[in-house]
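K.L.:
Protein chains in written order, with the numbering used here: chain A, 1 to 373; chain B, 1 to 326; chain C, 1 to 335.
Derived by calculation from the structure, the hints in this document are not laboratory data.
Please note: incorrect hints may appear among the correct ones.
To be verified - Subject to a maximum C-alpha distance of 30 Å in a straight line, what follows is the list of computed BS3-like cross-link-like pairs (lysine-lysine):
id: 1; chain 1: A; residue 1: Lys334; chain 2: A; residue 2: Lys209
id: 2; chain 1: C; residue 1: Lys160; chain 2: A; residue 2: Lys227
id: 3; chain 1: A; residue 1: Lys166; chain 2: C; residue 2: Lys169
id: 4; chain 1: A; residue 1: Lys147; chain 2: B; residue 2: Lys79
id: 5; chain 1: C; residue 1: Lys160; chain 2: A; residue 2: Lys161
id: 6; chain 1: C; residue 1: Lys169; chain 2: A; residue 2: Lys288
id: 7; chain 1: C; residue 1: Lys160; chain 2: A; residue 2: Lys151
id: 8; chain 1: A; residue 1: Lys166; chain 2: C; residue 2: Lys160
id: 9; chain 1: A; residue 1: Lys242; chain 2: B; residue 2: Lys79
id: 10; chain 1: C; residue 1: Lys160; chain 2: A; residue 2: Lys331
id: 11; chain 1: A; residue 1: Lys206; chain 2: A; residue 2: Lys166
id: 12; chain 1: C; residue 1: Lys160; chain 2: A; residue 2: Lys242
id: 13; chain 1: C; residue 1: Lys160; chain 2: B; residue 2: Lys79
id: 14; chain 1: C; residue 1: Lys169; chain 2: A; residue 2: Lys242
id: 15; chain 1: A; residue 1: Lys147; chain 2: C; residue 2: Lys160
id: 16; chain 1: A; residue 1: Lys288; chain 2: A; residue 2: Lys305
Model, not experiment: these values are computed from the prediction.
One-letter residues, chain by chain:
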Amino acid sequence: MSVSRISALGAIALSGALALSACASENNGAAPGAGSTAAGSTAAGDCFSGDLKAEGSSAQKNAIDEAIKAYQTACADANIDYQPTGSGAGIKQFIAKQVDFAGSDSALKTEPKDGKIEADDAKAACGTEAWNLPMVTGPIAIAYNVKGVDKLVLNAEVAAKIFDGKITTWNDPAIAALNKGVTLPATPIKVFFRSDESGTTENFTKYLKAAAPDAWSYETGKKWTGKGEGKEKSAGVATATKGQDGGITYVELSYAQQNQLAMAQIDTGSGPVELTAESAGKTIATAKQTGSGNNLALKIDYATKEAGAYPIVLVTYEIVCSKYADAETGKKVKSFLKTFASDEVQKGLEAKGYAPLPTEVATKVQAAVDAIS
Amino acid sequence: MSTATDRRLPDDRVPDDQVASGDTSTPPGGRSGRDALSEMSNPHRARAVKDVVARVVMWAAFFLAVVPLVWILGTVIGKGFHMLTTSTWWTGNQRNVNSDDFGGGARHAIEGTLQMVGITALIAVPIGILTAVYLVEYGRGHLARVISFTVDILSGVPSIVAALFIYAIWVTAFGFSRSGFAAALALVLLMIPVIVRSTEEMLKLVPNELREASYALGVPKWATVVKIVLRTAFSGIVTGVLLGIARVMGETAPLLILAPYTKNFQRDLFNGNFPTLPMMINQDRGDFALATAAERMWGAALTLILLVLLLNVIGRVIAHFGAVKK
Amino acid sequence: MSTVTGVSAADQTPGPDGRRPLQADHASTGRVGDRLFGGAATVSGVFVIVLVTLIAIFLIVQAVPALMDNSANFFTSRVWAPGGEQPAFGILEFLWTTVTASAIAMLLSVPVGVAVALFLTQYAPTWMRRPAASLVDLLAAVPSIVYGLWGLIAFAPVFKPVQSFIEDKLGWFPLFAPTGISGGTICFIGVVLAIMVLPIVTALSREVFDQTPTAHKEGALALGATQWEMIRTSVLPFGRPGVISASMLALGRALGETIAVTFLVSALADGNPWSWSLFNGGETFASKIANNASEFSNPNKTGAYIAAGLVLFVLTFVVNSIARVVIERRKAFTE
Chain A
1 MSVSRISALG
11 AIALSGALAL
21 SACASENNGA
31 APGAGSTAAG
41 STAAGDCFSG
51 DLKAEGSSAQ
61 KNAIDEAIKA
71 YQTACADANI
81 DYQPTGSGAG
91 IKQFIAKQVD
101 FAGSDSALKT
111 EPKDGKIEAD
121 DAKAACGTEA
131 WNLPMVTGPI
141 AIAYNVKGVD
151 KLVLNAEVAA
161 KIFDGKITTW
171 NDPAIAALNK
181 GVTLPATPIK
191 VFFRSDESGT
201 TENFTKYLKA
211 AAPDAWSYET
221 GKKWTGKGEG
231 KEKSAGVATA
241 TKGQDGGITY
251 VELSYAQQNQ
261 LAMAQIDTGS
271 GPVELTAESA
281 GKTIATAKQT
291 GSGNNLALKI
301 DYATKEAGAY
311 PIVLVTYEIV
321 CSKYADAETG
331 KKVKSFLKTF
341 ASDEVQKGLE
351 AKGYAPLPTE
361 VATKVQAAVD
371 AIS
Chain B
1 MSTATDRRLP
11 DDRVPDDQVA
21 SGDTSTPPGG
31 RSGRDALSEM
41 SNPHRARAVK
51 DVVARVVMWA
61 AFFLAVVPLV
71 WILGTVIGKG
81 FHMLTTSTWW
91 TGNQRNVNSD
101 DFGGGARHAI
111 EGTLQMVGIT
121 ALIAVPIGIL
131 TAVYLVEYGR
141 GHLARVISFT
151 VDILSGVPSI
161 VAALFIYAIW
171 VTAFGFSRSG
181 FAAALALVLL
191 MIPVIVRSTE
201 EMLKLVPNEL
211 REASYALGVP
221 KWATVVKIVL
231 RTAFSGIVTG
241 VLLGIARVMG
251 ETAPLLILAP
261 YTKNFQRDLF
271 NGNFPTLPMM
281 INQDRGDFAL
291 ATAAERMWGA
301 ALTLILLVLL
311 LNVIGRVIAH
321 FGAVKK
Chain C
1 MSTVTGVSAA
11 DQTPGPDGRR
21 PLQADHASTG
31 RVGDRLFGGA
41 ATVSGVFVIV
51 LVTLIAIFLI
61 VQAVPALMDN
71 SANFFTSRVW
81 APGGEQPAFG
91 ILEFLWTTVT
101 ASAIAMLLSV
111 PVGVAVALFL
121 TQYAPTWMRR
131 PAASLVDLLA
141 AVPSIVYGLW
151 GLIAFAPVFK
161 PVQSFIEDKL
171 GWFPLFAPTG
181 ISGGTICFIG
191 VVLAIMVLPI
201 VTALSREVFD
211 QTPTAHKEGA
221 LALGATQWEM
231 IRTSVLPFGR
241 PGVISASMLA
251 LGRALGETIA
261 VTFLVSALAD
271 GNPWSWSLFN
281 GGETFASKIA
291 NNASEFSNPN
301 KTGAYIAAGL
311 VLFVLTFVVN
321 SIARVVIERR
331 KAFTE
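Looking at chain A on its own, in the form it has when it is part of the complex:
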């Protein structure tokens, strides 16, 4: 047996080699193949360099991704990350000062929930008032997969009964009454819901509660209270619905489109309305602003009966400090959100499954962004 002279532990050498191999050449340019869809709308002098961190609602992920791309294309030194982990997570990390701004499907709550008042906690974290800035509006589709049924009309009451497990087959007379001339099969209905806490669930149940209070008796909230089978995140419910004959779910328009799922038309009392950016925009236009000054919380009238208005929509907010303790961060947030709120970026979002902000609201948002410091 001969003992080698080298007595250093090889394992440590190995891990050292790993760390070294990680230090390679810098290559921070935009990856080729990434075509620019939205033109950079930022004035060249307005670019920041460094990191900007945001987190929150997954409903606005595709929208903010577009805005980030537009900004980063114009500003090569800016790195902006958005984690689509959920509205609650975004607010939590914002309060914990882990991110610079949060994305949320609902405005900061001003009443206590679980012993805490979000708006106050956010204010404490900022040192100044925290603002809700509505930035993107996304329609929620009732997506279904029934063999041979390409067109389906539902109203709030029937939808509530389906999602509450009261209607269990597709040829139920209540559904048939809304769909004259359509042959409905006797397939059992399989409801898929979001098993994670989600702003989409919250907005969808708010709609059911507002438009069909008799049929939907549950509390509204981020946690699903109806019946069905739970799947993780939007991708989970969309995939499950796609793979199951008789499946139905509620999901953001963009996921329904990605998965090529059929979407139900909603009859609000003045005829069936198809889900389009335009029909969803009509509901958004009727929303009332509840915040004061630059704090722009919107209240949606889910029970709207306006002709041609698709009622199931959600507004997703960016939650920001009105005045950042670190002026540099304030500049970054302001600079990026300016791009996000700009007409060019907002217009590009329609192609991604979002509805445009009404002009009046958009103007106010732009003014509010300007006031961030």
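Since the structure of chain A is already known, use the hints to place chains B and C on it.
P.N.:
Quick look at chains B and C alone, frame taken from chain A:
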């Protein structure tokens, strides 16, 4: 060994639980049990049948196991390989590549994963090996028992619990931001028990004669452990370390909580979001109905597997050259 | 050397004192070196104790206040509504899903894994052994998220018809009763977990089978044993402790598997009736925590999830301890 096991002498009357001696009649010479079957009387036949059944069951089990395993590898390679051949995969990052854009690179995530796992190993390997040395070479009495017990407990900590623990300490109590390093700390918790246990087994296999001979020559204990015991167990220890690395490299749950993903290059483990392959997979998983995102997801999965494979090969080479020459 | 106490025979023989009469310079450098090296080893060991103590304190400090406020029975309730004015949460559903899915995984993976290991060491043609063993080792290193993706995209559509077939034919039997859950059932999770841990069982078992002393095997054959008898009388008894520890390692992985289960499992809606069926849905401990970790908004709510994590932690620990005891017993008998 194989020559020995291929010989079968299927003619003995063997009671159920022990090999009996006695009967010494010559074997009928058939190589396979099936040939022998026809020539044998009833008890012999039963034994031969059992033997054949066992043989068939083993082959069947092998093919049963191979089907899903090959299917998995086939899926990942089939769907992910062409991403690896694109020009940007090994050089670029995902900056400005949205879910419906094609391609982009994985270099940021590859570097990030290696860096994170490297720092994890740098912390966990010395602690793990030294603890194992203590347990085998130094420890006695209560302390050793308690340490052995706590290593068992540590190996039972689920990754998600380890992540929540580090979040509570690193982020909530100390006020640091989430970072690659925070995630590495959680991975350290998962890696230490793997290394302690495997190193411990390897150290126990070192014959005591070696230690005694070393002591007899007047070599101090520490030098005996470092130069004799650890050297002898070297290749086994490397294997254990690789096992530990493979265990933590694909961990996703701690990263979800501790190391937010970034599409940009990021070399700073302590500040800012950190790119890793599991998080890259997880990000594209959210949009895998889109062909562009699905391709990237499988590409990243294949890259992760290749990385684990590569480390194994490197480890074997190190183990080979570091092994004690006979 | 005793594996129970972790004390090596080498410690007892020379000892620091016994070396004193030897060369003075060696002995003195040895003492300083020993103090440093031995000290470092002790510090590492103590560090592990401190770490585990901290984790335990963390878990208990977070879990206990939430458990005090809990208005439901923590072990027997199926309600999960932590946080809020009247927190009520119980782990029965997670416990059932976690244990059942892991049990299915073990029932499938241990026999098959051991059989494959025997095949690779005893039956396979020589040319096949090395490549097949490398394939298994590679698969043992494939990250679990990849198994999850495969399960979701490739395997789920294949499993679904099998499940409906069994539901149709054997639905009268409570374990196979149809529940209306279409995919992501306990059984499906169990099968995916089985495939995930199969390479672990196989790789570790193969290693111990390979170390069976040739003398044992040749002895059995020389006494006229058939190959199967040789395996049963020499290979299996020799490898049993190794197989047990491999299985326990695999079980630990199955119990704690997080990310793959999170996106495969089907959660149940509140108030879903209790069912013994393996074709029911239900989240495991790890998936429930992971799925909600981003929404831990107040201490009470967090505490409830941590309490669930504590149960998972204890469960895994008990499994590990049993394995260790069994192995030590075995060794005591054979030595």
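K.L.:
Hint compliance check: list the failing hint numbers for this structure, sorted ascending.
P.N.:
1, 6 and 10
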